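Student: So you can see what is in the structure, the chains are spelled out below.
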Amino acid sequence: MMQAASSTAALPVLEVRDLSKRFGGLLALSDVNLNIHQGEVVALIGPNGAGKTTLFNCITSIYTPSEGQVVLRRPQGEECILNTHKPHEVTRLGMARTFQNIRLFQGMTVLENVMIARHCRTRAGVFGALLRPAWVRREERAIEEKSYTLLQYMGLESLYAEEARNLSYGQQRRLEIARALATEPFLLLLDEPAAGMNPQETLELKEMVLDIRKAFNLSVLLIEHDMSMVMSLSDRIYVMEYGCNIASGTPDEVRHNKQVIKAYLGEDDA
Amino acid sequence: MRGVVRSFLVSLWFMALTFPIVVIKVSSLDGSIGWRWENAVGIGIGVFVVSFIWRALLVRRGAMTPREADLEWLFTWLEVERNQRIAKAVGLFIGCNVPVLFLVSVGGWKGFLTSLHALEVGTVAALVLAHFGMILGGGALRGKQRGAVAVQWVRQTAASPLGRKGAVVALMAFVLPLPFFMDMYQVNIISSALIWIMLGLGLNIVVGQAGLLVLGYVAFYAVGAYTYAIGNLHFGNEYIGFWTFLPIGGLLAMLAGVLLSFPVLRLRGDYLAIVTLGFGEIVRVVLEGGSLSLNPILSLLPTSVVQALPASFQNTLDLGGPAGIGGIPYPGFFGMKLSMDDSIRLVYFVALGLTIITIIAVSRLRDSRLGRSWAALREDEIACEAMGINKVTAKLSAFALGACWAGFGGVLFAAKTSFINPSSFTFMESALILSVVVLGGLDSIIGVALGACVLILLPEYLRSLNEYRMLIFGASMVLMMVFRPQGLLPAKAIKRTMPVVTEPPMNEKAGAA
Ligand SMILES: Nc1ncnc2c1ncn2[C@@H]1O[C@H](COP(=O)(O)OP(=O)(O)OP(=O)(O)O)[C@@H](O)[C@H]1O
Ligand SMILES: [Mg+2]
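Which chain is which? The protein sequence lines are X and R, in order.
Read in order, the letters of the first sequence are residues 1 to 270 in our numbering.
Read in order, the letters of the second sequence are residues 1 to 513 in our numbering.
It should be emphasised that the hints constitute simulated quantities derived from the structure, not laboratory data.
Be aware that one or more of the hints could be misleading.
Stated by the list, open to error - Restraint ranges, calculated between C-beta atoms of paired labels, are given here: (1) Asn237(R) / Arg132(X): 35 to 41 Å; (2) Phe23(X) / Asp270(R): 20 to 26 Å; (3) Phe235(R) / Phe23(X): 56 to 62 Å; (4) Thr64(X) / Met477(R): 40 to 46 Å.
Claimed, not checked - A few chain X positions that, by computed beta-carbon distances, are all more than 10 Å from chain R: (5) Ile62; (6) Glu241; (7) Thr250.
To be verified - As a list, the in silico DMTMM-like pairs of lysine to aspartate or glutamate whose alpha-carbon atoms are at most 20 Å apart: (8) Lys258(X) / Glu241(X); (9) Lys495(R) / Glu162(X); (10) Lys495(R) / Glu241(X).
Everything numeric in this text was worked out from a predicted model, so none of it was measured.
The beta-carbon is built from N, C-alpha and C at its ideal position, and this holds for glycine as well.
With these hints in hand, go ahead and build the complete structure from the sequences.
Tutor: Structure representation (structure tokens):
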């Protein structure tokens, strides 16, 4: 909220324009619009099956949108239309995400999970790997150190040599965030980061998101079902239902929006 | 009195353990077998005396009950738990004797007899192996339980860098002089095993590291072999030979890998397997067809280049057909004229050198940015892309590098056999290489090496069971899949020691807001 005043003047870092996505006959997204400004924490809420994850997948180019545009503005100033990009290019441009159904590299260690994410910020190739010149060794060391630091930041450093699959649910979610941060994003997308966490963990997660935003200077877009978390965390909220935007605004505005109440509580309560 | 009986039993046990080594003596001159019973008696008496004193000492010191003292001695330094004793005794016996019999059966008695050296080396090797057999036999039966000093020792050695260096040095000291003591038949077998280790490690890049199931791997092997065979036919002379075609074969196989990977980039799992299987078969069928028209390629080249090519090369490329191509020379050695035996030894050393290079290369790849991107691809393709890894590059590089090693292996194979034909490059071979990787342990370098040794050497030595070979092979694969799907020696995560990093994680970007 505090950023809202200063950032309305600047162009948003992410702009979703009239985005639609069709799966055969199913219109999963129809004319969705969404903006995120530098430094904002924006939440995306809506009932199950509303199309929130689908929107994430379109933004990160895992799906190709049927219509509409996704525009990313990098801090360096360039503007990219993401529709034609590959997912890995999107990550390289500075957008990182986590997954609703955790997608860690389960068989690898916690540290390696984060190290993999350094891929797009490092450059050793086949010959680097085979010949291991000094700069590659330095790079490898730097990858390890940076990854370990991120683990420390997420409170996972003692588990660094553990296989990812052995982590608890909450730890896995945090590891996913650490991994996303390792790609050095300026925009972080979190898909239901608190799902499966207990109230205490959720509270810590909330603090963590705010802290990350400040420490890494990024903007956050998150999908979340936990209303108390969403309301206390976000600067702005977008509400979706059946693939459409039905409302947006500050938490207070959204809380009192008739359509939102209807969507969440059913017709009778309206 | 009780002690005497026990010591007597112990000495009998030891005589049984050492029987193949100390009693059987094979004369290298006429191949007759001598039984040196007096040695067994000597061992028996020696063990009896030592055992008796040992027991007495232990019991006197009150460290053990008499019964425990027996067993302590029986199993040397392996600590034993009651319910495991019998199992362990059997394990020890097998561990002690199998390697000996195994070595003795190399190529039958005859092959073993051809030189006195072979027997001596064999005995030393048998002793070493028996030692390890005991350690492993004890360790395997013991499972994870406390004790087993020997197993711990092996673990510690394997864990410490110095120990590992020592093990490598010891291994090298064993394998380097090997071809000078063994007969050429066996040297050849070991060379093939080395080639198979290379093939296994190459395929492991694609299947084990990148998780792409490729069933036509032998096609790349064929590309390498035919590169040398055909290249030698047309261009071979005293300057252009093995050492020229080795890199060319690798490169051409790599090219084939890249060509294959384009159509299959979008495929996964079963589909990828089927397409690559088809590719392997196409290559074999082309080879059997016997010739390949070069006109499409030559028409792309300027006429002056075409005319400069040897006449035999100008229209069709003769692939030899089912009859194959022969007369492929051994590797050269600085233009020296080598005897047949020395050439075979040279092949062995080249195979050894290439295998070592392969092992180093593969382990470096595994612990690199590229290797991690393969692992990510294997674990989760979508997450892999979300981490900024280009899926296409990762797949392409895995295919190219994997194929490259098959190419090297192929060139070496052609040089070793001096004659190749399509029947060496059938689907059976692809399946066998895959089995090497799966049996040994996907993504595990030592595992793959072990898998190659088991799958290539065992059938050689089990020739007497010829009709049952495939049966045993199939049955053991099924058993493996049921009881140890992760392979003999499954891959372990790379060990990393993390420093205590105290600097705050919010890097350069912090405070920019
Ligand atoms: N790959 C796909 N193919 C076909 N239909 C899909 C696909 N992905 C999502 N859908 C459909 O799109 C709709 C929106 O799904 P989505 O996963 O985006 O919902 P969501 O808002 O994330 O729900 P939840 O809160 O349960 O995660 C659903 O009806 C779903 O069945
Ligand atoms: Mg969802």
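Student: Name the hints, by number, that the structure is in violation of.
Tutor: 5 and 10
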